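**Student:** Sequence:
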Amino acid sequence: MIQIFNTLSREKETFKPLKQEIVKIYSCGPTPYNFAHIGNMRAYLFEDLVIRTIEYAGYKTQTVMNITDIDDKTIRDSQANNISRDELTKKYTQTFLDDLDLLNIHRAHDIVPISTLVDEMVMMIQGLIDKGYAYLANDGSIYYSVDKFKNYGKLAHIDRSNLLSGVRVKNDEYSKDQASDFALWK
Numbered sequence: 001m002i003q004i005f006n007t008l009s010r011e012k013e014t015f016k017p018l019k020q021e022i023v024k025i026y027s028c029g030p031t032p033y034n035f036a037h038i039g040n041m042r043a044y045l046f047e048d049l050v051i052r053t054i055e056y057a058g059y060k061t062q063t064v065m066n067i068t069d070i071d072d073k074t075i076r077d078s079q080a081n082n083i084s085r086d087e088l089t090k091k092y093t094q095t096f097l098d099d100l101d102l103l104n105i106h107r108a109h110d111i112v113p114i115s116t117l118v119d120e121m122v123m124m125i126q127g128l129i130d131k132g133y134a135y136l137a138n139d140g141s142i143y144y145s146v147d148k149f150k151n152y153g154k155l156a157h158i159d160r161s162n163l164l165s166g167v168r169v170k171n172d173e174y175s176k177d178q179a180s181d182f183a184l185w186k
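Numbering (our numbering), first residue to last: 1 to 186.
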């Protein structure tokens, strides 16, 4: 039996998978624009420990990790180095995978570059716009409106009444409605 801390209830609970036969785990992988450092690897080490614990308890796992190979940083650094974004991200993705191996961190079963899912992302974002959860800003970026989702911040126990409504972050380089709104597409 595995005991886990439930962030929402803030209590230790018995782990019960959604499907008895397999535990599915998704993790946000790296943005491969430079070498990973030990701080980056901490998240993957922790994830590996969790997966090994689940497997030791007798469960099968199915793991998926994305690689954020399209990002402001990957575009910036590929241009600065006069190479394609694809060349840059493949290089640093491979060094990341090599680092996982050196640290004996198990790789995810499926490793998915987000560049292979652009059509799906566009459809998902359009659905959020159609439902009123996202909006197009003056700079052409699309933002998620946290005010439209009443449970936003619940898992992190954020008191939304303390968030400043309509206040812009001075150094924000984007034109969004609220400081707390986040970019879905730039």
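These are computed hints drawn from the structure, not numbers from a lab. One or more hints might be untrue.
In silico lysine-lysine, DSS-like type, Cα no more than 30 angstroms apart, as pairs [said to hold, decoys possible]:
1. Lys154 x Lys19
2. Lys12 x Lys90
3. Lys131 x Lys154
4. Lys60 x Lys19
5. Lys150 x Lys19
6. Lys73 x Lys91
7. Lys12 x Lys186
8. Lys186 x Lys91
9. Lys16 x Lys186
10. Lys154 x Lys91
11. Lys73 x Lys90
12. Lys131 x Lys90
13. Lys60 x Lys16
14. Lys186 x Lys148
15. Lys186 x Lys131
16. Lys60 x Lys12
17. Lys131 x Lys12
18. Lys148 x Lys131
19. Lys186 x Lys73
20. Lys16 x Lys154
21. Lys12 x Lys91
So the derived label-pair ranges between C-beta atoms look like this [claimed, not checked]:
22. Met1 x Thr95: 35 to 43 angstroms
23. Asn6 x Ile75: 23 to 31 angstroms
24. Asp71 x Asp101: 18 to 26 angstroms
25. Asn81 x Gly153: 14 to 22 angstroms
26. Asn6 x Leu45: 16 to 24 angstroms
27. Thr95 x Val64: 17 to 25 angstroms
28. Ile22 x Ala179: 18 to 26 angstroms
29. Gln20 x Asp101: 25 to 33 angstroms
30. Val118 x Tyr56: 36 to 44 angstroms
31. Tyr26 x Asp119: 18 to 26 angstroms
32. Phe15 x Leu136: 39 to 47 angstroms
33. Asp101 x Val64: 33 to 41 angstroms
34. Tyr56 x Thr116: 16 to 24 angstroms
35. Glu21 x Asn82: 46 to 54 angstroms
Quick caveat, the model's predicted, so the values are computed rather than measured. Glycine included, every Cβ here is placed at the ideal spot set by N, Cα and C.
**Student:** Work down the list of hints and note, for each, if the structure agrees.
**Tutor:** Each hint, compared with the structure:
1. Lys154 x Lys19: Answer holds: lysine 154 to lysine 19 is near 25 angstroms, not above 30 angstroms.
2. Lys12 x Lys90: violated (40 angstroms)
3. Lys131 x Lys154: The given pair, whose Cα atoms are some 21 angstroms apart, holds under the 30 angstroms limit.
4. Lys60 x Lys19: holds (10 angstroms)
5. Lys150 x Lys19: holds (28 angstroms)
6. Lys73 x Lys91: holds (14 angstroms)
7. Lys12 x Lys186: violated (39 angstroms)
8. Lys186 x Lys91: Holds: lysine 186 and lysine 91 sit about 24 angstroms apart, inside 30 angstroms.
9. Lys16 x Lys186: This hinted pair is violated, its Cα atoms lying about 38 angstroms apart.
10. Lys154 x Lys91: violated (38 angstroms)
11. Lys73 x Lys90: Holds, at about 14 angstroms.
12. Lys131 x Lys90: violated (36 angstroms)
13. Lys60 x Lys16: With a Cα-Cα distance of about 13 angstroms, the restraint between lysine 60 and lysine 16 holds, given a limit of 30 angstroms.
14. Lys186 x Lys148: The given pair, whose Cα atoms are some 20 angstroms apart, holds under the 30 angstroms limit.
15. Lys186 x Lys131: Since the Cα atoms of lysine 186 and lysine 131 sit roughly 20 angstroms apart, the hinted pair holds (cutoff 30 angstroms).
16. Lys60 x Lys12: holds (22 angstroms)
17. Lys131 x Lys12: It is violated: about 36 angstroms lies between the C-alpha atoms, which goes past 30 angstroms.
18. Lys148 x Lys131: Status holds; Cα separation ~10 angstroms.
19. Lys186 x Lys73: holds (12 angstroms)
20. Lys16 x Lys154: holds (21 angstroms)
21. Lys12 x Lys91: Roughly 41 angstroms between the alpha carbons, so the hint for lysine 12 and lysine 91 is violated.
22. Met1 x Thr95: 35 to 43 angstroms: holds (39 angstroms)
23. Asn6 x Ile75: 23 to 31 angstroms: violated (39 angstroms)
24. Asp71 x Asp101: 18 to 26 angstroms: holds (24 angstroms)
25. Asn81 x Gly153: 14 to 22 angstroms: violated (39 angstroms)
26. Asn6 x Leu45: 16 to 24 angstroms: holds (22 angstroms)
27. Thr95 x Val64: 17 to 25 angstroms: Cβ of threonine 95 to Cβ of valine 64: about 21 angstroms, so the range 17 to 25 angstroms holds.
28. Ile22 x Ala179: 18 to 26 angstroms: Hint violated: Cβ distance 40 angstroms, outside 18 to 26 angstroms.
29. Gln20 x Asp101: 25 to 33 angstroms: holds (32 angstroms)
30. Val118 x Tyr56: 36 to 44 angstroms: The hint (36 to 44 angstroms, Cβ to Cβ) holds, given that valine 118 and tyrosine 56 are roughly 38 angstroms apart.
31. Tyr26 x Asp119: 18 to 26 angstroms: holds (19 angstroms)
32. Phe15 x Leu136: 39 to 47 angstroms: holds (41 angstroms)
33. Asp101 x Val64: 33 to 41 angstroms: Violated, at about 19 angstroms.
34. Tyr56 x Thr116: 16 to 24 angstroms: violated (32 angstroms)
35. Glu21 x Asn82: 46 to 54 angstroms: Since the Cβ atoms of glutamate 21 and asparagine 82 sit about 50 angstroms apart, the hinted range of 46 to 54 angstroms holds.
Of the hints listed earlier, those the structure fails to meet are numbers 2, 7, 9, 10, 12, 17, 21, 23, 25, 28, 33 and 34, in rising order.
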